[in-house]
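Chains as they are written, first to last, in the UniProt record's numbering: chain L, 1 to 184; chain Z, 1 to 369.
Treat the hints as calculated values from the structure; they're not laboratory data. Note that the structure is a prediction, hence the values are computed from the model and not measured. Treat each hint with caution, since some may be false.
[Claimed, not checked] Chain Z stretches covered by chain L per the calculated footprint, using a threshold of three residues with CB under 8 Å from any CB of chain L: (1) 22-32; (2) 134-146; (3) 307-319.
[What the hints assert, rightly or not] Negatives, chain Z to chain L, calculated, CB over 12 Å: (4) M116; (5) A191; (6) N285.
Even glycine gets a Cβ: it sits at the ideal position worked out from N, Cα and C.
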Amino acid sequence: MSAIVRFSVFARMLHWLMAAMILTMLFIGVFMAATEGTAYNTLLAFHRPTGLIILALAIIRLGNRFFVPPPPLPASLPRIQRMAALGSHILLYGLMIAMPLVGWGMLSAGAYPIVFWGSIHLPPILPHNPALFALLRHAHTWFGLTFFAVIVIHLGAALLHALILRDGVFPAMASWRTGQRDED
Amino acid sequence: MVEPPDERRTRTSLLPTDPTVMKHLGFIGIVLALLCSTFAWSAGWLSPHRLTQTSMLDALRAVDGLHPGFRRNHAKGMCVTGWFESNGNAADLSTASVFRPGRVPVVGRFALAGGMPFQADAPAKVRSMALRLMPPDGQEWRMGINNIPVFVARTPQEFHDLLLATRPNPVTGKPDPARVQPFMAAHPDVARAIGLVGKRPLTSGFADDTYLSLDTFRFVNTNGTSIPVRWAMVPVTPPSAPSPGNGPNYLFENLITALHQAPLQWHLIITKGEATDPTADPTLNWPADRPQVDAGTLTLTSAESEDNGACTGITYDPMVLPTGITASDDPILPARSAAYMSSFVRRSGETKPPSAISPATASPNGGPS
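Here chain L stands alone, though its shape is the one from the complex (with noise of 0.2 Å):
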């Protein structure tokens, strides 16, 4: 019987942190791109700041997870868990980085001015181009849907392993203990 590995205090900040923001994110994202309702330019001025810091977050938790590696899966789980599970984190993270990107890319290639907070603005990371301005908000759906949908997929297992399996996966992130492993 070993004792349970969690993950370190920074990367179960950051993953709580992160999850918050990326689902309201997600929520306000799907509302605004339908609405047509006095909040839109409120909530969109709230969206772009926000997921420009998920995106420098995203690159400071892969950074972290590269020098702090995440505890291991259990060896009980099954081969196909195991790839299942890599699969959808390779997904997560590829998502948390690639949404902001295309919203950033998309707002140039649309000419829209990008304004980070107030007067402050960023510059256009892709040239003015009304097609590619197209693609990309397409893109932006799709990929905020997939977010989603690997979101609940990921919170599905994690209950799973919380309150069926009991395998120490879930007290590994969900756990408000300081230390990273638990002394025997």
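Place chain Z on chain L using the hints.
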């Protein structure tokens, strides 16, 4: 302290035979279903009657048909270029860099309201001017302004419903009185606004017309003082009465001819509102005695077809505002911003047929297309 994995459960089968496992699976299912249905609600998938960008564009299509590659409203138009020269008079009202004395380049567009890119020009059709003012610091100001005294609806929903009520009957090709009359009876504000639009004085063309912001914005100055404003582009060319046109594009051709003869100019006249003036209702005029400021002169020097012009690849989103200008509580503004982006996405992903105003028509030695 140790958190030992539950020995008994580590090898639990996923087959829901154990009642505890079944209860847990049910709980997980409920959590995921709640998350997914909230998401679907946010997206509007559970509320088919919610007004969306799609339903707004669908209403425009119900009136004017589908014309791939063109703007969903103000579809017939042409590009113009020139500059705006600020005289510094509005710099006390707003910190926007375009109001500092000096010139900024402008890419503009003249158009007729409506979604039909090949409609024939006629004096009473609503004319619009769209402008993109581009100061070197990137603090752009975009606007789409019209030659009518008031907007015809107070809210996006009312505009949407007006479009559907006045859509042409497929048999007669005209609005159906059986639909229009009850709508107008139920929306006296719309009926009154349309009455004002119908009574506006008409001018001979685009060059001698006045274009109004209709929506209310706010200017914010260096002290942080914010005042409601509306504005107009008032022509330097003295207005003359409409004369019978020659051909389906005569309004645009006359504009092209005028631009090739000499630059055309407009004064940007800012109207300062009082705290009591309506800001959230663009169907209401402000009292005529409100103070005005002449902020500078717009000079347009050249004409281009939309087929190769600089106005095609952008959208004249009225919420693209510089620091120093903000939106008011007018609900039409965010609706325009949202619908313009949807229209821009759709048309930019479609193949656009040649515009009514061709590059040959817009060229200095061009003639009727």
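Could you tell me which of the numbered hints above are not met by this structure, giving the numbers in increasing order?
none
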